[in-house]
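Peer 1: With these hints in hand, go ahead and build the complete structure from the sequences.
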Amino acid sequence: MPFESSSFRLSAGFSINNNQPQVTAIPQITRIIGGDVYNKDNLGNMDVKISFNKIDPYLGIGIGNVTGGESPLGLTFDIGVYYQGKPKVDLIAEGLLSPSASPEQEALVEDNIKWFQFYPVISLGIAYKF
Numbered sequence: 001m002p003f004e005s006s007s008f009r010l011s012a013g014f015s016i017n018n019n020q021p022q023v024t025a026i027p028q029i030t031r032i033i034g035g036d037v038y039n040k041d042n043l044g045n046m047d048v049k050i051s052f053n054k055i056d057p058y059l060g061i062g063i064g065n066v067t068g069g070e071s072p073l074g075l076t077f078d079i080g081v082y083y084q085g086k087p088k089v090d091l092i093a094e095g096l097l098s099p100s101a102s103p104e105q106e107a108l109v110e111d112n113i114k115w116f117q118f119y120p121v122i123s124l125g126i127a128y129k130f
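If you're matching positions, the sequence shown starts at 1 in my numbering and goes up one per residue.
No wet-lab data here; the hints were simulated from the structure. Treat the hints with caution; some may be incorrect.
Said to hold, decoys possible - Okay, derived cross-link-like pairs now, SDA-like style, lysine to any residue, Cα gap no bigger than 25 Å in a straight line:
(1) LYS114 to GLY13
(2) LYS54 to TRP115
(3) LYS114 to THR24
(4) LYS88 to ALA25
(5) LYS54 to GLN20
(6) LYS49 to ASN112
(7) LYS54 to PRO99
(8) LYS129 to LEU10
(9) LYS40 to VAL23
(10) LYS40 to ILE92
(11) LYS88 to ASN53
Stated by the list, open to error - Label-pair ranges, simulated between beta-carbon atoms:
(12) PHE8 to LYS86: 28 to 34 Å
(13) ASP78 to LYS54: 19 to 25 Å
(14) GLN105 to ASP78: 50 to 56 Å
(15) ARG9 to THR30: 22 to 28 Å
(16) SER15 to ASN45: 57 to 63 Å
This structure is a prediction, so every number in the text was calculated from the model and none was measured. All residues carry an ideal CB built from backbone N, CA and C; glycine is no exception.
Peer 2: Pasting the structure below:
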């Protein structure tokens, strides 16, 4: 093993991803757009739902060894990333906002948040051996 006597390590795994952010936009005031008055009740609401892959692979590197050494106290530090897949966006709107919930708008939002397909993770651990 190349790292057998070292406290450096590579790690891999997976996670079951239940992240499903959801936002509801509810107009609170009447708006004037282009000289036209839009009553807040006529504008309608918009729901934004985002979903990711259910199973996310993980890859990371770390340093520290909690099972070896003379000291009963161990420290670990890991940094890695989960791959969640490209976010899938669903827009649901009513009232005057309905045209904003088009497949084109969903694709635009997905493109704007595509960077979130990678979920960074930093971990610091403390262990005591007895």
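Peer 1: It remains to establish, for every hint, whether it holds in the given structure.
Peer 2: Each hint, compared with the structure:
no., hint, verdict
1, LYS114 to GLY13, "holds (22 Å)"
2, LYS54 to TRP115, "holds (18 Å)"
3, LYS114 to THR24, "holds (21 Å)"
4, LYS88 to ALA25, "holds (18 Å)"
5, LYS54 to GLN20, "holds (10 Å)"
6, LYS49 to ASN112, "holds (14 Å)"
7, LYS54 to PRO99, "violated (30 Å)"
8, LYS129 to LEU10, "holds (22 Å)"
9, LYS40 to VAL23, "holds (18 Å)"
10, LYS40 to ILE92, "holds (17 Å)"
11, LYS88 to ASN53, "holds (9 Å)"
12, PHE8 to LYS86: 28 to 34 Å, "holds (32 Å)"
13, ASP78 to LYS54: 19 to 25 Å, "holds (23 Å)"
14, GLN105 to ASP78: 50 to 56 Å, "violated (38 Å)"
15, ARG9 to THR30: 22 to 28 Å, "violated (59 Å)"
16, SER15 to ASN45: 57 to 63 Å, "violated (32 Å)"
Hint check: violations occur at hints 7, 14, 15 and 16; the rest are consistent with the structure.
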